[in-house]
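Those protein sequence lines, which keep their order, are chains U and C.
Under numbering that gives the first Met the number 0, read the first sequence as residues 0 to 381, first letter to last.
Under numbering that gives the first Met the number 0, read the second sequence as residues 0 to 499, first letter to last.
Hints are supplied without guarantee of correctness; some may be wrong.
Here are the computed lysine-lysine pairs in the DSS-like style, where the Cα-Cα straight-line distance is at most 30 Å [said to hold, decoys possible]:
1. LYS333(U) - LYS336(C)
2. LYS226(C) - LYS166(C)
3. LYS277(U) - LYS113(C)
4. LYS126(C) - LYS333(U)
5. LYS60(C) - LYS330(U)
6. LYS333(U) - LYS113(C)
Hint data in this document are derived by calculation from the structure and do not stem from the laboratory.
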Amino acid sequence: MVKILEDSKSEMIVCNLAGYCTVECPSRNILNFSSYSARGRLVLCELLLRGRIEPTIELRDRLQTCTTCRRCNETCPSDIEQYEMIERARAYLIEKGVPPPEQFIPASENIMKRDNVLGIDQSQRNDLMKAINPPSDKSDTLLWMGCMFSFRYPEIAKTVGTILNTAGYDYMMLGDEETCCGDPLKMIGMYPEFEEIAKRNFELFKDLGIKRIISPCPMCTKALKDSYEESFGETGIEVQHVVQVYDQLLQEGKLKYKTELPISVTYFDPCHLGRHMKVYDPPRNVLRAVPGLKYADIPTYNRENNWCCGGAIRIGYVDTSVSVSEDAMAKIEKGGFEAVITACPQCYPSLQFATFDTKVYDINEIVAAAMGIKELGSGFVE
Amino acid sequence: MEKDELYNNLSEIFGPENVTVTFEDLIAYEGDDNRLRVLQVYLPEYQEKFLPNAVVLAENKEQIVELVNFANKNNIPLIPRAGASSLHGQLVPIKNGIIVDITKMNKILEINNKARYVIVQPGVLYKELNKELEPYGYWFPPDPGSSDICRIGGMVGNNASGVRACKYGVTADFVLGLEVVLPNGKVIRTGGKTLKSSSGLNLKHLFVGSEGTLGIITEIILRIDPKPSQEISIVIGFQSLEDACTAASEIMGAGLIPASMELVGPMATMALNALLPEELKLPEKTDNVTSNLLIRTDGDSERNAKEDMDRIINVVDKFNPVKNKSYTQEESDLVWKVREDSTVAGRRMGTPPREHYMTGSDVIGDFGVPIDQVPEFVKGTTEICKKYRLLLSYIGHISDGNIHLGFAYRRPDKRSARNEALAEREMAEFVVKLGGTISAEHGAGLWMSHLLSIEHGESLELMKAIKNLIDPNDIMNPGKMALDFIPDIVDPLNWYKEEE
């Protein structure tokens, strides 16, 4: 079972209210009041558990506007898992009868009834699988595309398949049997619903004898790895983001770059891949190996210090989310790069909507272009 | 005034997006004082007593003038707030009122390296200012433990300092001029851009360290100094705390002034080592060491810094050092960062699985004594703690005699909290006898206010008269620094009676 808020009580006592988590909190930087910072949210969590405040819609909004970036955990001198506590408090509120933001209801219903967050016909996953033509019908390695890439960015999804196929990597796909990983539900605190989805997926993986899952989506990767382990204990399944696979394939000489890409770029660490899973070097290795590519980190805001794109709260709190994206883009622009590259289907649109001059690419587009298997797009919303 | 009326009035001044009267926002502002938070668990009668009525996000001086006039007319207290990293209850809205958050006033208005000053708004982050000064080869050196989050307005309000105060000074030493909105709504400018002035009474220093009790600072002119380019650090372990203290005062006695020199006592050594990677750990029990001196020297060249350090080591050699360890620049950055974080991270020492051993307290003593009196201070405070059955950790800026005491007790309850506060009072009396101060850098705020008369005697009466002259309606941060009244909650004798 996922941890509940009461389990965090001793962590709350450890909090010294030092406030290191306030300055770097993306949502507080927009919403300004202390109650929208990690410190403020933690105070609210503690007072909620002590019964000094009631579960209310107002409280929910202060907790649900957290962008889930986990920057607070990184800044905390007492190593408190602040984000996890905020997530548990969201679940606590739902348990006490305070619903999640109403804008999220359709998305959660889509997940529960239509097997994907966007509510699109699942048969499109079969079309995607057919287009990708995975090397195996049955393999112990599963390419899990995720809802966003499958439905919103199918061209990038196809590119992922082409990269892996060209590198001779063996994997299978699930077609319309792939559903939501459940992460969007867990993130907003719908724990029982998440458990239901996760259990169904985990049973399927066991039936199919899956030993390894790879995914281009950081949220799916994090959910299938950490959240499933939290729910079911040791799963026996290795879960990796595709950039980790590309890095490995490059080292083994199976993935080869042929085309020069003479542009100056930087990498935007997705929160779920970086701070949540500590995957920092593989994407950089993959980019630094591209011939002609001039790579540098975003000044100050890189790796565990990276800003957040705000994408995780786009459904519930669009204005705040867009402002967070703009803050992130402003930090990227200080580096004067031609393009910013990310590896996440939330960061990708968030940065595209916020950019003026800087091109935005998904890392798969860059890898495919460097391999000479696909031309690089314009880097702007088309 | 009714909530809606207050909201409407404040919204007219600040815009609705910059005002909140929502309970879930307000309680976060009450709940962010640690000592209050813990006391409220023991003393439920104080729950929800100190809620602000509203919080506003100020964007400019004109809004603040309007606010002050409104507050004065309606007798509503105002509590200015910057980074909110103060430790002595400076921000507790003791008579409720309006929290004036100035974090949006965060512009650096001018950097003039030729004339050696900067002009900033009060919400500028300390670390951002130093980042902007870096290309000029300048810095603003006071380096409080909260340097990642504190803002210049709060540093001025508390006269903040930290590990570099001995060599470089405290915030007050750098304040050249201030713009202040007074409680009557008038705006004054005091001081200016020059590095010195002997013209008139030095009003600017009246506002430095005044904790928002005399007005709201809206602009600050600071002196900046050239930044030394090289630093080296070393840690020296001693068999006893006393040896470490004696060695430190002998270093100063020999005319050597390190950039920083920290005393890390036995419990603090354990706390720091719990956070440091193996190769950087301070010498500890297994090395026959109980206490350490963490020393940093700096200069324009590595040679200068090293020469200073060699002279220090020569002096220390006479005082039974057991083991020393030097750090590379990169290692040293981490060690000093951990040192800065240790005060807050120390709480984890008391959490499971060690909860039956001790509980980290919320009180961080901030006494300062003449440095040659530190050994005496350690002896005396240890005795006082024995009497009250408290454990004590020593960590602090021994180079200026400022020692932070971390209390810990075996059983977290009302009685222990009361004992702790009583010990603190007894220590205050002892420290003043040694020629010291009850708060060297954290300020008196709320929690030290009942101890101020011990240190200041008749001077406190003059301070009260000044407060009354400037703020006759007592709207500016009431209940702080004993300038108007001492709130009930401060006195530990009100918390728990021995016979209970």
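Practice problem: Output the numbers, in ascending order, of every earlier hint that fails for this structure. | Solution: 3
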